[in-house]
Amino acid sequence: MTDLAATDPLPKPKRDLAPILLPVALALLMIPLIGSTSSWLTLTAASLAMGMMIFIMASGLTLVFGLMDVLNFGHGAFIAVGAYVATLVLAPFAASIQADSLWMNLAVLGPAALLSMAVSGALGLVVERVLILPVYGQHLKQILMTTGGLIVAEQTLYALWGPQIIPMPLPTSLRGSFILGDVAIAKYRVLAMLIGLAVFIAIQLVLNRTKLGLLIRAGVENREMVEALGYRIRRLFLGVFMTGSALAGLGGVMWALYREQVHASMSDDLTVLIFIVVIIGGLGSIGGCFIGAILVAMVANYGGFLVPKLALVSNILLMVAVLMWRPRGLYAVTSR
Amino acid sequence: MMILSGDPPKSRVLTLLLVVIILALAATPFLFPGAKALNVAAKICVFAALVASYDLLLGYTGSVSFAHTMFYGIGSYAIAIALYGMGPNWAAVATAIVTGLPLAALLALAIGLFSLRVAAIFFAMITLAVASAFQVLASQLSWLTGGEDGRSFQLPELLRPGTVLISKSLFGFEVNGRIFTYYLVLAISALMILALLRVVNSPFGRVLQAIRENRFRAEALGFRTVFHLTYANCLAALVAASAGILNALWLRYAGPDTSLSFSIMLDILLMVVIGGMGTIYGAIIGATIFILAQNYLQSLMGVASQAAGESGLPLLPGLLHPDRWLLWLGLLFIASVYFFPTGVVGRLRKAGGGKSAGGTH
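Top line first, the protein sequences correspond to chains A and B. Numbering follows my numbering, with no gaps: position 288 of the first sequence is 288. Numbering follows my numbering, with no gaps: position 343 of the second sequence is 343.
With the rest of the complex left out, here is chain B (with noise of 0.2 Å):
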């Protein structure tokens, strides 16, 4: 227990659910064959942590931030400058994680301070404004980061897929730079979620927690509310900062469409809600469920769309087009929102008896 910070799932299927989960993405080299398999498993590690470490706003202290992928996408960012700049050297990976990591956690201190100094209201609309402001400039700044094209980049050469580190003679696999690279992000992803389940269930979670229920009488308990919400803003833009690096590093690349977009704000958004927010467990089933559904329901949707559109109905091939996927994931948020707004884990504890989960006013 001591590993899960005293926070086990509380309920047998979920518990089910996250081993097989886990099991799935270790050993997803060897069961799933192909590079999108990978690709998925891939996405699904950093989307968890990233998730995770929304989570840590949203569900605990109840603050929406709409900034996050800001934070993501310095990450991401910086090492794809890093190792564009510097060539694919280990100095390269260095120096993004030194500028990175405290770039997003100075911003992300500003916009604490300036607005979750007043009204936490505030605290959306202007995480919205500074996010778009800085997605403009990143798509500007074509100089240092490649504009609408982003950066492509070259990985440090024991992280390459031709880099044979075990050989097939040896266990009838391969090894590669990929595998490990994947490896490395799955660690790295756990570590950080399993860090964030210590963080919030430290006291200064609880005071989180206490924060987003009543701030009022939170500060009135003697706790310094704006030190605590802004210390938890700081803490998830450097969770997201790293998947952001983890993520670029994967896919050797970072651009506005895979790391800045306000699409992958609101797959966040979706992935916390469905899985269930104030449960940190939640970001894992959440991403999961999410990106598969994505991979694969997607091209579903295409062959909807075409027996629609063949059988002649007016208006369905358009809504059923893959391009308009987004439709239905804003349907789909909506309708968790109102009937599932403890999410799967949530639902999930309260079958199985247990305490009921938080994250919910």
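So here's chain A without its partners, still in its complex pose (with noise of 0.2 Å):
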């Protein structure tokens, strides 16, 4: 151990880069793979704008968990209601989501993706008051109640919408794709992309450049230790149980839109998704979840384009790979 002088600068922390080659990685070895470069290219956005809705979607599920030991099983709640909510005003404003133009399209789906943070949020905060409140602390009572919860929330959104799938169309100017030479990549991708790495870069801000983040990876280290230190740690979890909700709600109306369709069952397929990739990441880091949300995406597109038959199984595989590598997931940030 050297001695540090009190004017030197703190140690810097390692950093462990093996985790972000990983995607880059795939991502080379596959251009001999699909041979052509125009379809690696298309390929590669769609995974990109895939990976960072997944991403959003999951970005509140690890916080949580990282910050409180919560493991919410009814995250997905959140993006079905997200994206039911948003059916609620782009229904009624069809004619300018038909309209042919930017500004208009986004005039409706901007308020319309607010409106579903808006009530996925509020939906967070009854239920943490009302489901992970009175079970705090107790892992195997929080599952089982989060789990009721997924399923009452998904049954209410059939009594109130019914059970059919709704449509619901891409704008128009979102619709098609910037052609580039002989690659073409989807417009809604790109919006998709901007919007996730939007998302990613302003929690990695608000997380280590604020004193609120602080706070938050603070206590994602060592919960008491924040506590003892007076700060209101159970008012913290709730802010992010509810930007958590938030952004899931968020992710719910761009997932909808990326399918084209809303369906109360979207929660189901997408809760395995995100804990795939959460526990990819390992629980708790941001940074993890990113990379495995665009681990995820990849080899969910790679290997739909390659072989469509190990599509069904593949994100199981690349779980298994990774839990091989590192058993507790990219970057273990909890200690527990």
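Errors might be hidden in some of the hints.
Keeping only pairs whose Cα atoms sit at most 25 Å apart, straight-line, the calculated SDA-like set for lysine to any residue is [claimed, not checked]:
| hint | chain 1 | residue 1 | chain 2 | residue 2 |
| --- | --- | --- | --- | --- |
| 1 | A | K309 | B | L144 |
| 2 | A | K309 | B | L141 |
| 3 | A | K309 | B | S261 |
| 4 | A | K309 | B | Q140 |
| 5 | A | K309 | B | D149 |
| 6 | A | K187 | A | S96 |
| 7 | B | K168 | B | A26 |
| 8 | A | K309 | B | G85 |
| 9 | B | K43 | B | I22 |
| 10 | A | K309 | B | L103 |
| 11 | A | K309 | B | L137 |
| 12 | B | K36 | B | Q306 |
| 13 | B | K43 | B | P88 |
| 14 | A | K309 | B | D257 |
| 15 | A | K309 | B | E148 |
| 16 | A | K309 | B | S142 |
| 17 | A | K309 | B | A133 |
| 18 | A | K309 | B | Q135 |
| 19 | A | K309 | B | W143 |
| 20 | B | K168 | B | P33 |
| 21 | A | K309 | B | L106 |
| 22 | B | K350 | A | Q138 |
| 23 | A | K187 | A | M104 |
| 24 | B | K350 | A | P134 |
| 25 | A | K309 | B | S139 |
| 26 | A | K309 | B | A110 |
| 27 | B | K36 | B | A293 |
| 28 | B | K168 | B | L158 |
Simulated from the structure, these hints should not be mistaken for laboratory data. Computed from a predicted structure; not experimentally measured.
Please dock the two separately framed chains into a single complex, following the hints provided.
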């Protein structure tokens, strides 16, 4: 141990780059396998867009777990609720959605997404108070309670909107693709990538550059210590939970537009997907969650292109492979 | 007491309840005529065993698995595929048993070694992921599993309804292959429940409870917790697969809806919680209450929904529609986890002044 003078800068934390290189390496490896550069580019763009959407949905889950050791099995419900709420706005304004003007489209899409986030966030408040607070600190009951919450939310959506699939057409100006040479990249995917990246950067900035973020990170590392220093970590947690729920709602809107349909069962499929992402990334790690989401999307897209049969189990195989390498996920943040 | 492994119900009301249930199940073919009653009774038997095996995991080790229907489905599909492919003979039944059960155990071993090694919380998530992949796989490999339609098959001669084993002239009741199958289901389910009771009251079962209460401490005492948890997972998977075999034999069909769907997993969870976690007896009570309610209350919901619709109330018809059965189930589930974490058995034992039931934290 070397002696440090008081004026010396703090030792920099070690950077762990291997996980970051993983998706890059995977993408590069696929070039020769896929053969054509244009389809590779299209697939890579598709994976990135899909990955960003999954990341938006999964980020709240991983933070909530990291911060408060709460595993929310009902996280998928926020996704579905977000998507359904968006239809409330999008259906009456179908004319502006069909109009061939980017601004008119965005003027409807933006408020729809904001309303979805608000409703999901408010629902998050209710869920935290009603379902999670009473069984705080008890894993088994948490899982059972939130699973129950998922069922109730899903069934309520069925009761309110009916069991049929609701179409959710993309706005006209977001249809079609940008054509660069012989590469086609869907416009909506570019938008999804931009939003995802913005969310990721915003989360990183809040976590790493603000006092709030400092408290959250400290809470992830050692909850008791932060409490002992006099911060109300429960309130912090409620804030994170609501933000995570709101992000899930946003992800739900984006996913529904991506698939151009809304159905209550989307929460089931996506729950599994975001669980895999969160496990791969390491519970509680935002960076890991980001990489995990991109990896899952890449495996789904490349796998679906190369070996369609394998696509069914490709996520499981990816998870197995990552956990063999790092049993606690790519970045093990929590000591739990 | 030997047969109960020294773990009696410990409550007079509970004992009475269990005796009534078991007698009713044993006498169903003669007491309640008609196919529906027999179907309900057979389902109660199968689910009592299935839920008891899940209780071994949830109640005794405290780990939540979402893959239990997968093992149940493996059993169901094993016998369905074997009898469909090899024709209705006993060799097919034997083949199903010697392939289905080891397959379930191996898969449970793999999942256990993989996810129980790190954090217990991984287990719930990984089982959910694996189970959903398996479900997709089963519906996609339609050449093998029949896809969404599932597989219907014929039973061996002895188990068919047309086979008369004891003619009516002898006792005044006709005992045919169907009734024989019912008793087969009842007997094997009962045996499995007794075996599980033996397991949880063995030293091995005590270690499981110790792990549930404090895994770290159990490890510090020198128990290899991963070994114990994985072993329990494999045992539970074996019983679940056997229950799946019984269920498919009874239904003469295996498909995603009857053996793999997520809603069955929820039913199992609910039965465990209603009956009482960590008691094994809770499985019998939970399965009986739940399946009776499912079969006879659901039709009541339809009536209520119609009445609400006719009186012009908003929203209520949709909420009371029989298809929204799961909504009320979910609410019931949350309420029972919150208010009755020890379930019916725990309540009865407490009321009887006996030793308080385990299974809660």
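Hint check:
1. A:K309 to B:L144: With a Cα-Cα distance of about 15 Å, the restraint between K309 (chain A) and L144 (chain B) holds, given a limit of 25 Å.
2. A:K309 to B:L141: Since the Cα atoms of K309 (chain A) and L141 (chain B) sit roughly 10 Å apart, the hinted pair holds (cutoff 25 Å).
3. A:K309 to B:S261: OK: K309 (chain A) and S261 (chain B) at ~22 Å, within 25 Å.
4. A:K309 to B:Q140: holds (9 Å)
5. A:K309 to B:D149: holds (20 Å)
6. A:K187 to A:S96: OK: K187 (chain A) and S96 (chain A) at ~18 Å, within 25 Å.
7. B:K168 to B:A26: Roughly 19 Å between the alpha carbons, so the hint for K168 (chain B) and A26 (chain B) holds.
8. A:K309 to B:G85: Given pair K309 (chain A), G85 (chain B) holds - Cα atoms ~24 Å apart, limit 25 Å.
9. B:K43 to B:I22: OK: K43 (chain B) and I22 (chain B) at ~13 Å, within 25 Å.
10. A:K309 to B:L103: holds (22 Å)
11. A:K309 to B:L137: This hinted pair holds, its Cα atoms lying about 10 Å apart.
12. B:K36 to B:Q306: holds (24 Å)
13. B:K43 to B:P88: Roughly 22 Å separates the two Cα atoms, so the pair holds.
14. A:K309 to B:D257: Satisfied, since the Cα-Cα distance of roughly 23 Å is no more than 25 Å.
15. A:K309 to B:E148: holds (17 Å)
16. A:K309 to B:S142: holds (13 Å)
17. A:K309 to B:A133: holds (12 Å)
18. A:K309 to B:Q135: holds (15 Å)
19. A:K309 to B:W143: The given pair, whose Cα atoms are some 14 Å apart, holds under the 25 Å limit.
20. B:K168 to B:P33: holds (15 Å)
21. A:K309 to B:L106: With a Cα-Cα distance of about 23 Å, the restraint between K309 (chain A) and L106 (chain B) holds, given a limit of 25 Å.
22. B:K350 to A:Q138: holds (22 Å)
23. A:K187 to A:M104: With a Cα-Cα distance of about 16 Å, the restraint between K187 (chain A) and M104 (chain A) holds, given a limit of 25 Å.
24. B:K350 to A:P134: Between K350 (chain B) and P134 (chain A) the Cα gap is close to 22 Å, so the pair holds against 25 Å.
25. A:K309 to B:S139: The given pair, whose Cα atoms are some 13 Å apart, holds under the 25 Å limit.
26. A:K309 to B:A110: holds (22 Å)
27. B:K36 to B:A293: holds (14 Å)
28. B:K168 to B:L158: holds (17 Å)
Checked against the numbered hints given earlier, this structure breaks none of them.
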